[in-house]
Each structure stands twice: as C-alpha cells, then as structure tokens.
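Participant: Start from chain P and add chain A according to the hints.
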Amino acid sequence: MRLFGEDVLPLAAEHIVLALVPVLLGLVISLPLGWWAWRSRGARRILLPLTGVLYTIPSLALFVVMPILLGTRILDPVNVAVALTVYAVALLVRSVVDGLDEVPSEVMTAGVAMGYRPLGLLVGVQLPLAVPVLVAGMRVATVSSFSLVAVGAIIGQGALGALFTQGFERFYTAQIVFGLLAIVILALLFDALWVLVGRLLAPWNRRVARPTSSVEV
Amino acid sequence: MLSSLVAWFSAPAQWSASTGIPARLLQHLGYTALAVLVGAVIAVPLGLYIGHTGRGRLLVVGLANGLRALPELGVLVLFVLLIGLGLTPVVLALMLLAIPPLLAGTYSGISGVDPAAVDAARGIGMTESQILFQVELPNALPLMVAGLRTAVLQVVATATIAAFVSLGGLGRYIVDGQAQRDFTQMAGGAILVALLAIVLEVALQGLQRAVTPGTRRQEPARTDTVTAGG
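Heads up: the sequence lines are chains P and A, in that order.
Here the first sequence stands for residues 1 to 217, where the numbers follow the numbering used here.
Here the second sequence stands for residues 1 to 230, where the numbers follow the numbering used here.
Hint data in this document are derived by calculation from the structure and do not stem from the laboratory.
A virtual CB, placed ideally from N, CA and C, is assigned to each residue, including glycine.
Treat the hints with caution; some may be incorrect.
Derived list of chain P stretches under chain A, where covered just means 3 residues or more per stretch with a C-beta under 8 Å from a C-beta of chain A [as the list claims (entries may be wrong)]:
# : segment
1 : 48-56
2 : 65-76
3 : 152-158
4 : 173-184
One chain only, chain A, in its complex shape:
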C-alpha cells in the first residue's frame, strides 16, 4: 500500500499535467476562495448590522442551527439539478455553508464588545458609523477571523464533494479512484485533502492569533464553542 502510494505521488505526470496535483489544488482553492468571498459579502454586513443594532438576533441563531442540519451532499446535488452542471451551483452551495459561521462570528464579535466602551465612544460624540468601524469592528476582529476559519474549513471539506458533480479539485482523485477501483488514487487524494485542511487550519489559527491582542492570545477562540445566542 505504502509503496504504491509513494509511486503515485512521485509519478512525474502527477506534478505537470492539467490533471496533476498542482492544477487540482489550485481548482480546489479557487472554489473555496470564491465561495467564502461571496459568502462574506453577504454575511459580514448582515452580521455588523445585527450585532450593532441587536435586531434580528434570532435569525443568526436560527440560521446557524438550521443550516448545520442540512446534508452538504444533498444541497450540492439539488443545486446542480436546479441550475445545471457547472461552477455556479457548486459555488452557491458552498457559499450557503460559509454564511452561518461568518455571520455568527461577526455578530458575536460585535455584540460581545464591552458596552462601556461603546457608551464611552457615544459620550465623546462619535457617530454610529464611527462607533461601528472604529470601536466595535477592531474589538470584534478576533471572533470574525474565528468565523472565517470555521467557514474556510467547512468549505474546503465540502469542495472535495464537488468532484462528484463533475467539477475538478482534489476530490477528483477520490471520485475517479472509486469509479476505476483504484484505491491508491483514492488514498492519495484523501491524504492531499487532509493535508490541505490542516495547513489552512494552522494558517488561519496564526492569523487569528495575530489579530488578537496580547492577553487573550493563549487559546484562540473558536466559533464552535462561542454562544452567539447569549
């Protein structure tokens, strides 16, 4: 098993062809970046608004809980059947997974800012938008990045399944290997996917530590342990 895996990884075609590892990796990262970006465009402003005004908190809790119960594979194939094969349905399905953690992170970051700091800002005559962008947003950044981390990892994991609906990415090796009964290819793909997820997790943890001020740096917060419902 191990020797066939080594042979699979070291085959020259694996590193140059348009179906090689670098090309598949770039596709995988491309889907992930696109979905998280589109998700952030929707979720971050919404989270800022809900966190600042306190209106619509139930929406955040409901979305975060409700969307988690949806099976990723089902959502993906449903979107493909409704929209047709291609990049759009996959990015939309992945975006749907990115929204809850981004929304929860932004919302809980903003609403968790010390009310005394907000009152003080209002007291010295800051406008509402100054309070939001100069007081609340910088304080909320660690939790927002925690939400980003959860979103990226969720999307990177699910992007693997995109190969099942005829797209590229590292999941191709698993799906093709399954079809060709080539277990070495499947295992190689699985190892690549796992490595990619771990590298992204470590990188985003680093980013989270970088935006967290000194005393809170010890254990980076995670949105899966943060209670946004209050």
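Isolated chain P (complex conformation):
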C-alpha cells in the first residue's frame, strides 16, 4: 500500500517489531531481576534506583550512545531495539517487584504447606497472582515503546516515524497526521491485546481491565 510516496505496510510491520520485541525481551529479563530484587533487600536497594536512573535518560541520547556501547553502526536498527529494551527492563523490574509484593503472605504459607517448592511456588502461585500488576506494567511499556520508536527517525531508524521527518521536510501536514494516527492506533491495539491476555491468564481478576492512569517518566 503506497501512501505519501512511502510503502506504508512494511514500515508498520517494522514499527511493530521494533516496538514489541524490546518489550517482550524486557519482560524475560525483568522476571529474574525483579524476583531477585523482591527477595533480597540489598538487590532491591541497588536495582530499583539503577533502573530509575536508566529510565530518565532521554531516548534520543540513548539511541546515539548505543553504538559506542555495542560497537554497532550508527544506522543499525539494533541500537533502537537495545535502547528500548533498556527502558522496558527499567519499567518492568519495578512491576515484577510490586506484583510479587501484592501476593498475601497467607497464600504463600498455604502454598508451602501444600508442598510447593520455591520454584513451583513462584510459577504456580506468586506469578499468577502478580499477573494484574504485570499486565499494567506491560501496557505502559508497550504504549511508550510504540511512541519512542518514532524518535529513532531523527537518526534514520524510526519505522513509521519516517512519516514525521519526511512530512516535516515537505511541509505535508496530512502525512504527519496519518503517522500520528497509525502509531496511536497500533499502540492502543497492542494495549488492548495485553488486557485480553491478562483476562485469560487471571480470569478471576476483573480489575485488570480497568485502565491504570500511571504516567511514565
């Protein structure tokens, strides 16, 4: 589908991959880190402030610094993907800690009494009960990831964000409005997907469907 002289569908597909893969990767990394921070007071004292500082680094700066840290080329999409993974981890480690904190101690005691070993308790009791908080974190991480990918367009790696940089150069308002709508709709689509996943994984908890009005830094 060609629009505004751009093949829009491949750009949209690239945008989805660039936004979503870091969030999923971030979840995989955050689960053990968050569990560690939840268990150990020392780890919590180091990990939570560290992730807080990482989260404050502006995206454009992180995109530019990535080639130095990774040894990649400046125009490599990997820079954007790794930078967004850093943000996802920064956000989700806290969600994992908060989610595990929510599990009532009586429930855990009951689990131990039923013969759950630590790993079984984590997978069978704690994580399912943490699902609503985790889903809330994933929603925030996903929505901001979709909007941050577009910033990469300034350094030539922004998928649908290219509609903004080109629209600006050509003074073409319609192209920018189209880009805004496309990115917002994609973000809200995947936001809704997480709500659905949350309902399937934790059908007893209807609260997950309500929007959290948390605000990202």
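Facilitator: Structure of chain A alone, referenced to chain P:
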C-alpha cells in the same frame, strides 16, 4: 572514540561561543522551564478542582493514558507545520507532555488525602477553600512534586528533539552531528543530555524527599506507579 570525545569537550570554543555548551544548556533549560510552567498553570488548578470535588476523574485517567500514546516527534512537527517555525509550537508541544503527569500528581495527591482529616476540618468549621489550601494541599504536596518530577524529565527529554525543528538546546549537537556525519559531536551531545536528565532527576528526588513528612521518606513516590484511577 574516547580521545576525540575528550578533545570535543575540552575545545575552548565549546565553552564560550554562542553555540557553546553553556549557551545550549541554558536554551534547553529555558524551553523546559517555560513548558512546565505553562503546563502547571493549566494542570494544577484543574487537578485541585477534580481532586477536591471528585468531578471529572475520568478526564484525568483518559488524558494520562491517551496522551502517552502520542509520539512526541509527531506532535512536535505537527505543531510546527500548523503554527510555523519558532518557540511557540515547541513550547506548546512540550506543554502537552507536561500536563498529564502534573494533572495526575495533583489529582491523586488531593483525592488520596485521608477523608477523616477532611471531615474533621469540615467539622471544626473550615470553609471549602480553607480545607483545600490548609488541609488537602499540604498533604498532597509529595505526590504533586512527584508529578512535577515526571513532567520535567519528560519535557527535558523531548526538548532534545526541538533541535530537529530548527531550535537550539543540547539536541542541536545530535542533529547537527547527524547532518555533518560527525559522530563525536553526536555522542558529546547525547552524554550532555543524559547527564542533564540525571542531575534533574536527583535534584527533584531531593525536593520530593524534602516535602515528604518523616515516616514516608524511605522510597519517594513516583507517578508512574501511582494509580490515579482508584
């Protein structure tokens, strides 16, 4: 790489010229302060009203969620195309980013005040405005500052992008470096932007701790973990 960065940072022109680091830093801080100030003039009274009366709570939740999905770069270039090059469109776009956290912080601060304290104030005959300014506002201050912190960091990050639409600020180094294929300049700019954000984060965390009474001081609240929807 490292030696060229050191050379870039230590060049005398970098610290004196009108395009030097201090001038760029002041521009960056100027845009940020202006946008947050204008945003606060709108968001704080609105948050006080919604928090005190409980009317329009859905507006806070909707704004906070809806505006987060908007790509900053798109909003910025759209405003410039609609208004023209200059400071106004950039400040308006940045203000739009400052409003949701300020509004959410103020609203959740006010609505989270212990209802018993508000009832007691009403019981001893305080007027509604006395309750708001002498009971609710002091109690809401930590969360309001948390909102300010989120707003400042969001705006400082996005002010970097202002260079793309021909404004100054530290983002200039990244955008110019990109155009001139001068990676040292880009990296130097990126390091400055990151440092500025971290310094502001630490300073605002300190402010937040200063306005939080004793027992709650351990971990400063953040609006990104506060649920204003209830």
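Participant: Mind checking, does the segment 152-158 of chain P have 3 or more residues with a CB under 8 Å from chain A?
Facilitator: Holds, because 5 residues of the segment 152-158 of chain P bring their Cβ atoms closer than 8 Å to Cβ atoms of chain A.
Participant: Check whether three or more residues of the segment 48-56 of chain P sit with their beta carbon closer than 8 Å to a beta carbon of chain A.
Facilitator: holds (count 4)
Participant: Counting residues of the segment 173-184 of chain P with a beta carbon closer than 8 Å to any beta carbon of chain A, are there 3 or more?
Facilitator: With 7 residues closer than 8 Å to chain A, the segment 173-184 of chain P meets the three-residue bar; holds.
Participant: The segment 65-76 of chain P covered by chain A? Criterion: 3 or more residues, Cβ-Cβ distance below 8 Å.
Facilitator: holds (count 4)
Comparing the model with each numbered hint stated earlier shows that all of them hold.
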